[in-house]
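Undergrad: Now for the letters of each chain:
Number of protein chains: 2
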Amino acid sequence: MTIYNFSAGPATLPKPVLEQAQNELRNYQGSGMSVLEMSHRSPEFDKIIKDAEKTLRELMDIPDNYKVMFLQGGASLQFTMVPLNLAQGKKAYYLVGGSWGKKAYTEALKLAKTIPFEPILLASSEDTVYDHIPTFDPATIDPEAAYVHLTTNNTIEGTAIYELPDTNGVPIVADMSSNILAARYNVEDFALIYAGAQKNIGPAGVTVVIVREDFLNDQPMLSSMLDYRIQAEAGSLYNTPPAYNIYISKLVFDWVKNEIGGVDKMAAIEREKSALLYDFIEQSDFYTSPVKFAKDRSVCNIPFVTPSKDLDAQFVKEADALGFKNIKGHRSVGGMRASLYNAFPRQGVLDLLEFMKKFEEEHK
Amino acid sequence: MTIYNFSAGPATLPKPVLEQAQNELRNYQGSGMSVLEMSHRSPEFDKIIKDAEKTLRELMDIPDNYKVMFLQGGASLQFTMVPLNLAQGKKAYYLVGGSWGKKAYTEALKLAKTIPFEPILLASSEDTVYDHIPTFDPATIDPEAAYVHLTTNNTIEGTAIYELPDTNGVPIVADMSSNILAARYNVEDFALIYAGAQKNIGPAGVTVVIVREDFLNDQPMLSSMLDYRIQAEAGSLYNTPPAYNIYISKLVFDWVKNEIGGVDKMAAIEREKSALLYDFIEQSDFYTSPVKFAKDRSVCNIPFVTPSKDLDAQFVKEADALGFKNIKGHRSVGGMRASLYNAFPRQGVLDLLEFMKKFEEEHK
Chain C
1 MTIYNFSAGP
11 ATLPKPVLEQ
21 AQNELRNYQG
31 SGMSVLEMSH
41 RSPEFDKIIK
51 DAEKTLRELM
61 DIPDNYKVMF
71 LQGGASLQFT
81 MVPLNLAQGK
91 KAYYLVGGSW
101 GKKAYTEALK
111 LAKTIPFEPI
121 LLASSEDTVY
131 DHIPTFDPAT
141 IDPEAAYVHL
151 TTNNTIEGTA
161 IYELPDTNGV
171 PIVADMSSNI
181 LAARYNVEDF
191 ALIYAGAQKN
201 IGPAGVTVVI
211 VREDFLNDQP
221 MLSSMLDYRI
231 QAEAGSLYNT
241 PPAYNIYISK
251 LVFDWVKNEI
261 GGVDKMAAIE
271 REKSALLYDF
281 IEQSDFYTSP
291 VKFAKDRSVC
301 NIPFVTPSKD
311 LDAQFVKEAD
321 ALGFKNIKGH
331 RSVGGMRASL
341 YNAFPRQGVL
351 DLLEFMKKFE
361 EEHK
Chain D
1 MTIYNFSAGP
11 ATLPKPVLEQ
21 AQNELRNYQG
31 SGMSVLEMSH
41 RSPEFDKIIK
51 DAEKTLRELM
61 DIPDNYKVMF
71 LQGGASLQFT
81 MVPLNLAQGK
91 KAYYLVGGSW
101 GKKAYTEALK
111 LAKTIPFEPI
121 LLASSEDTVY
131 DHIPTFDPAT
141 IDPEAAYVHL
151 TTNNTIEGTA
161 IYELPDTNGV
171 PIVADMSSNI
181 LAARYNVEDF
191 ALIYAGAQKN
201 IGPAGVTVVI
211 VREDFLNDQP
221 MLSSMLDYRI
231 QAEAGSLYNT
241 PPAYNIYISK
251 LVFDWVKNEI
261 GGVDKMAAIE
271 REKSALLYDF
281 IEQSDFYTSP
291 VKFAKDRSVC
301 NIPFVTPSKD
311 LDAQFVKEAD
321 ALGFKNIKGH
331 RSVGGMRASL
341 YNAFPRQGVL
351 DLLEFMKKFE
361 EEHK
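From first to last, the protein sequence lines stand for chains C and D. The first sequence begins at 1 in UniProt numbering and counts up one residue at a time. The second sequence begins at 1 in UniProt numbering and counts up one residue at a time.
Chain C extracted, bound-state conformation:
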């Protein structure tokens, strides 16, 4: 049975990446060592991490005045590191369009009990279970604020920001965890971008942080590990990095560049792939999308529901038995969620649509 992994993350990796990883697991390019056991100071790993950065810079067109870091702790640790490094003594605005944006704001409030800065909720769509990207009046933003934080893709709710909002000149910090490399963004529009790897980059355990140099802190932070300047100046080698996770990420970057042809092509593939599902849901009287506006639709995470919770549960059960794994929606939204990240195969969407049609026929 073919397995399609619809997991919201950790998520499907490209088949050629897994093949290469398997082939060289015990002996990386004739070194006689696995990358799993290789010194992070070895020439072999030095090349891996530098190539990873180089290819990511090419893919995202990252300007030279931005630093690229491969850190640990996931986006969740960035919820602390971002305000700690960027916001001290200032205001920091949070645009909350989903559960993870809310977590970022909540962590900022927690940090603000110890570190002097002022987290401000700019706008939120929590009242309607984040069924749309909230809007706001730019004039309400203090132009002296440190940043406006936003989430470019809401993994749980299936919404995304493709056109950045007017922030009254205040720099934007983005959690891009669930659509980095799946949509084209202009890095220069951001002061800082961060992304946990486990959706479109690689395995869980490494987090990409891209920061404009002039936003690096001048004062030491309370912990070297949480200090962007220390991490950036050490080239992500302040301490032992998650080397294997970086290696797999490098293979994924190579795949996007060489097999796909770059981010614009990847983004086009993602749009076409997700449109197959969105178009089907739209013409159906049985399935509906909880996302309010078509313009807010994520190409990566597509939630949908049947007419009842019982049918949702039955759908998930039958789908699972047929090899459509991890398609159950997050408990806050319910129903189903098809996460169609970059490496998710188009055939998997076609097969899902066949099953959805059959299920609709049987239960409408």
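Check the hints yourself; a few may be wrong.
Identical copies look the same in the list; a pair holds intra-copy or inter-copy alike.
[As the list claims (entries may be wrong)] With a cut-off of at most 25 Å between alpha-carbon atoms, the simulated BS3-like pairs for lysine-lysine come out as follows:
1. K47 / K317
2. K110 / K90
3. K47 / K325
4. K15 / K328
5. K325 / K50
6. K54 / K15
7. K47 / K328
Calculated from the structure, these hints are not laboratory results.
Assemble chain D onto chain C, guided by the hints.
TA: Relative to the frame of chain C, chain D by itself:
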């Protein structure tokens, strides 16, 4: 050519572990998925992380009133998390027997500029380049202090603490990164043990933390990710864990248990293996150990020098060409360092001794 990887970390992994990892890389136990792409909420990964914890508990004989966590950020992030969670409003003593212990103390000083607690240098052997484990008078320790921090094995300098010092009743916190599972310690003698995986556990990117429940913080910390109670109560799944790194660690725990027969047997193997090298160095007039006292010798990291720096450099160069990789000593100690962690093969020591004899003949 056979490659022997003497790296101080990331370090050699057991061959059967790498074989199993390679075999199931693309399809974990018939799931149709790689562990690299598997949801951390899946039944498959739930079993992996629970089995990892279970086997580690067996190996180290961890009592039920201790929590076991698999975190990110390496020992370096623990340098912050330990005082943040355990020391607020109290004194915390640091026994500094090596470069990493000094880093732990330095990070504590950094944190103390923001968080109210008092880091105190209990004793240090820095003056003699950490060539021995420093001693102290227990009566100088305030019995109300939060903890005495020590490093059980000094990776760079090749010393270790096998008999815990009298700390005047104050709980001991240990960085066990470089000899966990290579020597027997009684977990009940510690309030908290932490260890980066990349020496005796698995690949870099996961850190084991073992903490007695009554040392968990009552008050929320400034960041959820840095909050032991939150991490412990979430069973290391507060956010997406470094799943693959935990999976490889589980395979290593299984290897120590099933192939070796437990920590006592592993420790005996480590003692015998390292004694081969120590005995040879001792009888030699050419090689010397920078470690002052035999009782302080690490079984995991064995530094040694020839009569001159030029010969040291030549040794490293010739050794490398013969497949003895990463044997160069840390710049602070110089010379050579053979890291003989658990997975390092005994034959590699015998082959190294042959080369050392030959090199001595040629240059004495």
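Undergrad: Each hint: holds or not?
TA: The hints, checked one at a time:
1. For the identical chains of this complex, K47 and K317 are inter-copy neighbours only, at 21 Å across copies versus 45 Å inside a copy, given an alpha-carbon limit of 25 Å.
2. Taking the shortest alpha-carbon separations for K110 and K90, both the intra-copy value of 16 Å and the inter-copy value of 22 Å come in at or below 25 Å.
3. For the homomeric pair K47 and K325, the shortest alpha-carbon distance between copies (17 Å) is at most 25 Å, but the shortest distance inside one copy (36 Å) is not.
4. With identical chains, the CA atoms of K15 and K328 are at most 25 Å apart within one copy only, with a shortest distance of 23 Å there and 38 Å across copies.
5. When the C-alpha separation of K325 and K50 is checked against a cutoff of 25 Å, the pair qualifies only between copies, where the shortest distance is 21 Å, while the shortest distance within a copy is 35 Å.
6. Taking the closest pair of Cα atoms, K54 and K15 come within 25 Å of each other only inside a single copy of the chain (22 Å); across copies the shortest separation is 32 Å, beyond that limit.
7. Taking identical chains as interchangeable, the C-alpha atoms of K47 and K328 lie at most 25 Å apart only when they sit on different chains, with a minimum of 20 Å there against 40 Å within one chain.
The structure fails none of the hints (numbered hints given earlier).
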